[in-house]
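Go ahead and model the full structure; you've got the sequences and the hints to work with.
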Amino acid sequence: MSSTVAPATSARTWLTLTVVLTTQMMIVLDAAIVNIALPDMQQALHIEPANLSWVVNAYTLAFGGLLLLGARAGDLFGRRAVFAVGMALFTVASLIGGFADAGAHLFLARAAQGVGAALAAPSALAILMGLYPRVEDRTRAIGYYTIVSASGAAIGLIAGGLLTNYASWRWVMFVNVPIGLVVLALSRTALPNTRAHHGRIDYAGSLLSTAGMTALVYGFIRAAADGWGSATALASFAVAVALLAGFVAVERAVEHPITPLHLFADRERASAYVARMLLVAGSMGAFFFLSQYFQLVLGWSPVRTGLAFVPFPVSVFVSSQLATRVFVPRFGGRSVILVGMVLSAIGLVMLTRLGVDTTYPQLIGSMVVFAVGNGTAFVPLTAAGMARVAPQEAGVASGLVNVTQQVGGAVGLAILVTVFATAGPGAASGPSASAHAKDLFVLGADRGFGVAAALIAVAVVLVLAVTRPRRRTRVVAPNEALALEPAA
Numbered sequence: 002m003s004s005t006v007a008p009a010t011s012a013r014t015w016l017t018l019t020v021v022l023t024t025q026m027m028i029v030l031d032a033a034i035v036n037i038a039l040p041d042m043q044q045a046l047h048i049e050p051a052n053l054s055w056v057v058n059a060y061t062l063a064f065g066g067l068l069l070l071g072a073r074a075g076d077l078f079g080r081r082a083v084f085a086v087g088m089a090l091f092t093v094a095s096l097i098g099g100f101a102d103a104g105a106h107l108f109l110a111r112a113a114q115g116v117g118a119a120l121a122a123p124s125a126l127a128i129l130m131g132l133y134p135r136v137e138d139r140t141r142a143i144g145y146y147t148i149v150s151a152s153g154a155a156i157g158l159i160a161g162g163l164l165t166n167y168a169s170w171r172w173v174m175f176v177n178v179p180i181g182l183v184v185l186a187l188s189r190t191a192l193p194n195t196r197a198h199h200g201r202i203d204y205a206g207s208l209l210s211t212a213g214m215t216a217l218v219y220g221f222i223r224a225a226a227d228g229w230g231s232a233t234a235l236a237s238f239a240v241a242v243a244l245l246a247g248f249v250a251v252e253r254a255v256e257h258p259i260t261p262l263h264l265f266a267d268r269e270r271a272s273a274y275v276a277r278m279l280l281v282a283g284s285m286g287a288f289f290f291l292s293q294y295f296q297l298v299l300g301w302s303p304v305r306t307g308l309a310f311v312p313f314p315v316s317v318f319v320s321s322q323l324a325t326r327v328f329v330p331r332f333g334g335r336s337v338i339l340v341g342m343v344l345s346a347i348g349l350v351m352l353t354r355l356g357v358d359t360t361y362p363q364l365i366g367s368m369v370v371f372a373v374g375n376g377t378a379f380v381p382l383t384a385a386g387m388a389r390v391a392p393q394e395a396g397v398a399s400g401l402v403n404v405t406q407q408v409g410g411a412v413g414l415a416i417l418v419t420v421f422a423t424a425g426p427g428a429a430s431g432p433s434a435s436a437h438a439k440d441l442f443v444l445g446a447d448r449g450f451g452v453a454a455a456l457i458a459v460a461v462v463l464v465l466a467v468t469r470p471r472r473r474t475r476v477v478a479p480n481e482a483l484a485l486e487p488a489a
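Numbering-wise (the numbering used here), the sequence shown opens with residue 2 and increments by one.
Some clues are possibly wrong.
What the hints assert, rightly or not - Label pairs and their in silico Cβ distance ranges:
hint: 1; residue 1: 254; residue 2: 437; range: 55 to 61 Å
hint: 2; residue 1: 100; residue 2: 138; range: 39 to 45 Å
hint: 3; residue 1: 103; residue 2: 268; range: 46 to 52 Å
Hints were generated in silico from the structure; no laboratory data involved.
All of these numbers come straight from a predicted model, not from anything done at the bench.
Positions of the beta carbon are idealized from the N, C-alpha and C atoms, including for glycine.
This is the structure we're talking about:
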């Protein structure tokens, strides 16, 4: 059966948009909100230092590994139903995690959160894309979605600092519960009733893609912790290559693949996926190194560190709105993507001048340039990743948009932490670190910012090489402008 969506009143449309954006904010925010709370979690639950990264990685592994399965399930079984299951699991897991009395319990709860997010996220974006028949409205909605996606990590750091400082680390988990319950209560009324499509779950493809993505993400996590020469990391990469090669072979052979490979035949869409992955990979450096710089070098409290990131979501909001309403319709998606990524890279290059005595006012300019670049580029990148997709494949395409973001984050963090580690032992010391240790930290962070800028520069070259500007003599509608045009 084909998807049918009942006509929505303006009020219901806004309610649907609110539910979808709130869900996306919860999912993106939860990848970062725990970072500032990690020291408190470690002390309260007696987590070994070597295992502390699992608070973050359990979520990332489950989310990144199961996104494609969640996307396909939404296409086949109905997006509202799959969305509700995912949000319910996410909410319950948040409650359990808040009551965790051991590190293992918290790790399992975070993994369950990741599974719930993998079910809810692709269905949310697919619902959003099908909600607006008018392309102008759809473009505006993509702009709102981009604001949430691009600023969620910074908002997570702010929220994590406030909750940890004034309540408890447990509230970085509990905060999802009331929000999740409200979203669930509204979803039946607010979300359109998309019917299931004919087809079957590609179980072999699901298993291979999930296992392959999990092995890939785990390999990068181990590389970040143990170095690129780690036997565990290399074995994980080898397993990932074998599993993903098997996945491609299965997808070519089955009648109803979990990921139709023809989605990658569109050069615009494929380049948007890769460019998004590289942009996110480079962007991880700003959050990872700055959050530690404020606490470890400047000795700031969690709440002050979180509030230091306020300029980021504000800049993303303003720039993404300008991109959606002004720049994309006038100059086209390709030009806006390129300008945005160049600005992001420039902001990171500016951050390579970070020093032990650098003051916060000296950093604001770099942070704003970087944030404006992100907000500008993500709007057309999101649209290009969903361009010209059949309705029954919208969930899969949206899943790939989210997969590139998760894989980009894991890959980028692994690369940048490895670069950072070359600064020498003792670089990541505590607030009472010696002057020498702080110098080492700043040296490693500066190197990381430089490599982060280089990753985004690769994305710029990719878009320049694969796409070309559209020839036109008029200001075009947003849907035309959002499209990239493959190079001949």
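Taking the hints in turn, this is what the structure says about them:
1. 254 to 437: 55 to 61 Å: holds, 59 Å
2. 100 to 138: 39 to 45 Å: holds, 42 Å
3. 103 to 268: 46 to 52 Å: Taking Cβ atoms as reference, residue 103 and residue 268 lie about 49 Å apart, which means the hint holds.
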